[in-house]
Amino acid sequence: MKSRNKLAPWVFITPAMILLIAFSILPIFIAFFISFTDLSLSGLADFSRIEFVGLENYQDVTSDGVFLQSIGNTLFYVALGVPLVVTLSLTVAVLIQMGNGPFFDMMRLFFYSPSITNIVAIAIVWSFLFNPNQSIGLINQVLSWVNIGPIGWLQNPQVAKISLIILAVWRGLGINMLIFSAALQNISPTLYEAAEIDGATRWEQIWNITIPQLKFSTFFVVVTTIIGWLQFFEEPFVMTEGGPLNSTMSIALFIYKNGFQFNRFGYAAAGSMILFVIIIVATLLQMKVQRRRDENTI
Amino acid sequence: MLSVNKSTKIIIGVLMGIWGAITIIPFIWMILSAFKTNPEIVSMTPSLLPNEWTFNNFRELFQRLNFDVYLVNTLIITFFSFGGLLINAMAGFGFAKYEFKGKEFLFVLVLATMMIPGQVTMIPVYLILNQLGLTNTYAGIILPGLAGAFGIFLFRQFFANISDEMLEAARLDGASEYYIFLKIALPLSRPILAVQGILTFIGGWNSFLWPLIIANDQKYYTLSVGLQLLQGQHGANYALQMAGAAFMVIPILIIFLIFQKYILQGFDISGGK
Amino acid sequence: MATFKKMLLGSLSLATIGLLAACGNEGETEGSGTGSDSSETVTFWFMGDGNEQVQPILDAFTDETGITVNVQSIPWSAAHDRLLTSVASGEGPDVVQMGTTWMAEFVDAGALMDISEYTESSEDLNPDNFFEGNVATTQIDGATYAIPWYTETRALYYRTDLLEEVGYSEAPKTWEELKDAATKLSERGDNMYGFNVDSADQTFAMMFARQNGSELLNENNEPQFTEPEFTEAMEYLNGFIQDGAAPGQDLGLDISQTFGGEGIVPMFISGPWMISIINENAPDIEGNWATAVLPEGPENNLSNTGGANLAIWNSTENVDNAVLLIEFMSKPENQLQFLETSSSLPANMEAWEDEALSNELITTFGEQLENSEHMPLLPEWEQIAQSFLTYWEQITVGGADVAEQMEAFNEEATNILN
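In the order they appear, the protein sequences are chains A, B and C. Here the first sequence stands for residues 478 to 775, where the numbers follow our numbering. Here the second sequence stands for residues 9 to 281, where the numbers follow our numbering. Here the third sequence stands for residues 50 to 467, where the numbers follow our numbering.
Bound-form chain A, shown alone (with noise of 0.2 Å):
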């Protein structure tokens, strides 16, 4: 559908373009130029004290072991989690239409709300549940019931990372959730009607009929959910500050650990811009595929 009014489309995207590259993209350029800079908290106060150090932060970066290992734990969390919270939030979604009524109106409230529980009220509750002795921690006190032995969720190197996904899927539900049923209200009945008649069953409708219907929606939710993961941050900042022995440092942790609060903004902006590409290069994979998706279904 072409339309004849050419300025329409630049009328729609000027002012959120105009305040995107005036506070995103400008700021993204300068951070570019700031990694290549030795800048700091003394060059900040006098710009004359900034020093040009070529790829010498990149360099740095890259040539520190614990920036590789927090690269690898940040694909494990995405591996692992986007999947859990793309099928998770769907699922709960579609129950919770399947369902319709005001009980399960009050679910949707259920679900969304550990988006708005106080960072501070979830790292006391969580580090509760996840204590490892079994006396106290309310997980390892249950297991304790089926005789499997207390684990270390947030000490054991090889279990933390999972126990924070865990958290982690259980924070980012509800926002996808949300977002999943609004667009399962898009959905015309009449195609389930027919697929009635037809005699589908429950279980065929919904994988022939709202799945394919939601793609507009599961896309934004896996490329944004993604996008959210490559900078998984506050979870391991906040349980267990990327410990222990770094099993749990994420890139954006490592990034904000090294650079901001040691004020070495060229080094934090190395870092940043690796990680951009990382995201950039992963978010266009997937528009690809995408749009060579829509190409075959036409």
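There's no promise every hint is true.
[What the hints assert, rightly or not] EDC-like mimics (lysine to aspartate or glutamate), calculated; alpha carbons at most 20 Å apart, straight line: (1) A:Lys734 - C:Asp250; (2) B:Lys17 - A:Glu772; (3) C:Lys222 - C:Asp130; (4) A:Lys692 - A:Glu681; (5) A:Lys483 - B:Glu60; (6) A:Lys483 - B:Glu107; (7) A:Lys734 - C:Asp130; (8) A:Lys734 - C:Glu281; (9) B:Lys111 - A:Asp582; (10) B:Lys14 - A:Glu670; (11) A:Lys734 - C:Glu461; (12) A:Lys483 - B:Glu176; (13) B:Lys14 - A:Asp582; (14) A:Lys734 - C:Glu101; (15) A:Lys734 - C:Glu429; (16) B:Lys269 - A:Asp582; (17) B:Lys227 - C:Glu101.
Read the hints as simulated data drawn from the structure, not as lab findings.
Start from chain A and add chains B and C according to the hints.
Quick look at chains B and C alone, frame taken from chain A:
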């Protein structure tokens, strides 16, 4: 909508009920802890219900908090954030329903703004605002966060799902693009407007870092800043924090319940009315 | 077209309102800028709840001098970010509260004014009034950049009843006694310990190293972490963990939970703020705990000084009023007033003669302050200390060899300093 018989509905209800109850426990704990004393919160045997209900936390909160000023600022910031809602919707519509030169590139640019951690851009944005003379102003607080890639992307997806035929028909009837956007597309996207509305409200209501950084004067502080002021350098007064958190979450709950109605607006995407 | 105009008008008016509100407020805020205009004001940045903790003192100041204080309270959690943006823009207050650990970086950035001339000429600002450890945090490269305001140091908290039971009627006084008592206490049970080796606090191990005679960095600022003075101290602390006398990883419990009740961890080292926290959160052990100065190591029982100073922002034009405010706040009676509202210990030694600081639990800290030093005042120190924690974790959690880790740590520290 998938049809379900009574018994399936009950099974789903039970499943959701249990799962939902488990999910909401930390939230409930947070609210109930606002009524506990701090020793009780940090005690070895944590409890959900307060052993001794106390209103002291709230009393202290309202006594120490410069409530009126902070509330007004928070409301102003939240109100103006909704301007962003419109701007994002417009952009989403532009990207969804039109072909124009550089569209792909510009959209990737939009997405790119989501790919950088906030601290990296904090100082450059501050310097930009400083150059524009917008420090210590409401504009300085509101403008940076007004447009958001998440919202633009979300609107774009939903608008893309609207059938082109319907818009084409309106065009043939002589409607301008802007009319189509305002009177056709926006109403159709009510569910997603509601979702974004909830998110916008939460963002504005909870705004903390920017009002603090931009302000040279406490009169621009928001409720979140005020609450953080009550925290000392060492040792946390959890009870007070929970009271603050419980207090802050109430308007969010209200907004959620109100807006949820719109998320559940009946189907009418293909124009059948 | 009508709708188009409406929409354009809509978004434009939204933006205009915003800008108008902005401009409107600009006019109002002229007076509360960096104090460069009206000579009868002074701006002060305070960290924490200014209204409750510092307003009474400021009001007294206004009464005495007629100068109004524009105080801006800044939450601790975002204070460093706020200061960063001020450095970036150059706009700051007149007087700023500066934590001792931040002194090095902000002096290096040139954010704080050299006030040596005032400390020499003013009675109230004479460095001799204040604890040596705190004065040291205000002097960098021979110049003075701040006046000590409040102080803190670390001392030993211990359960008197539990220590009685293992034969200690007084707190352990030496490293050997500390180890002995901790070991005996840990024999009470599987999940019981005697002492806490704080693996999250980057000053903890450094304190013990100094007690063993380590300088941490020599006169040329070269790291001394492979020297026996340092490695022995690390072996000593690691011994607690390996022998089960101290927990190797965070127990996930609040200190009041581990100190109160059964006393899972009946001895720990911390600052004066824990006194009110224990009183409030573990009232069950009232009368059964006390504070004591740190056990002596082979050389001394040096503790770690912290606290905050009052500094003048370098770009301010309101220096005279700033100095007046700082002088006022440095007086013993005003420091005692601050103690009352914030429980922060005065850096002014004369204030300690007051009754308010005569409680046994607190006099310990006064005593310890006589043997207390701050960590090296280098901008890079924070990074070195943090990197120490990662090597330390390898030892305590990963079971790595102390000497090896200290070698690697020393190397990294050398890199950081160059």
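Which hint numbers doesn't this structure obey?
2, 3, 5, 8, 9, 14
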